[in-house]
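Undergrad: Sequence:
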Amino acid sequence: MYTSQRLLQRFSLMMFLVSLLFNFHTSYGDVGTAGLYSPPYSPTACYGIDAFQFPSSNLFATAGDGIWANGAACGRLYLVRCITSTSTPYACNQNQTIQIKIVC
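Residues -29 to -1, 1 to 75 in mature numbering (1 follows the signal peptide of the UniProt record, and there is no 0) are what the sequence shown lists, from first letter to last.
Check the hints yourself; a few may be wrong.
Unchecked claim - Derived CB-CB ranges, DEER-like:
id	residue 1	residue 2	range
1	Cys63	Ser(-18)	44 to 54 Å
2	Ala62	Ser13	17 to 27 Å
3	Gly(-1)	Pro26	15 to 25 Å
4	Met(-15)	Gly6	45 to 55 Å
5	Leu48	Ile20	17 to 27 Å
6	Phe31	Phe(-19)	44 to 54 Å
These are computed hints drawn from the structure, not numbers from a lab. No residue lacks a Cβ here, since even glycine has one placed at the ideal position from N, Cα and C.
Please put together the full structure from these sequences, using the hints given.
TA: Written out as structure tokens, the structure is:
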């Protein structure tokens, strides 16, 4: 009997820990505003005039104050999704997620 209770306690503890594991997320999302800039795109605050800073997809961005962290955001990759475009027609492919690189 003692062994059965012990096994039940361990099983309950294990299930509790597994449920905690699935309740923690490693990502964060927020709504923000994007801007559109014309060339030239360099020099940038992250990489200066290095032409190799821009990804081959040409999907890059500048970091706002919320994620800049004194330059720690340089080179980070983010998945972003456009919800709506208010000022530029056809600038938004709604609900399409793209990966961008922070260069400035």
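Undergrad: If a hint holds in the structure, say so; if it doesn't, say that too.
TA: Hints, one by one, checked against the model:
One distance hint, 44 to 54 Å for the beta-carbon pair Cys63 and Ser(-18), holds here, with the actual separation near 49 Å. Range check, Ala62 to Ser13: about 23 Å between beta-carbon atoms, so the 17 to 27 Å window is met. Separation of Gly(-1) from Pro26 is about 22 Å and conforms to the stated range, judged on CB atoms against 15 to 25 Å. Here the CB-CB span from Met(-15) to Gly6 is close to 48 Å, well matched to the stated 45 to 55 Å.
Taken as a hint, the range 17 to 27 Å holds for the pair Leu48 and Ile20, whose Cβ atoms sit roughly 22 Å apart. The hint said 44 to 54 Å for the Cβ distance between Phe31 and Phe(-19), and at roughly 50 Å that hint holds.
Consistency with the previously given hints is maintained throughout, with no hint failing.
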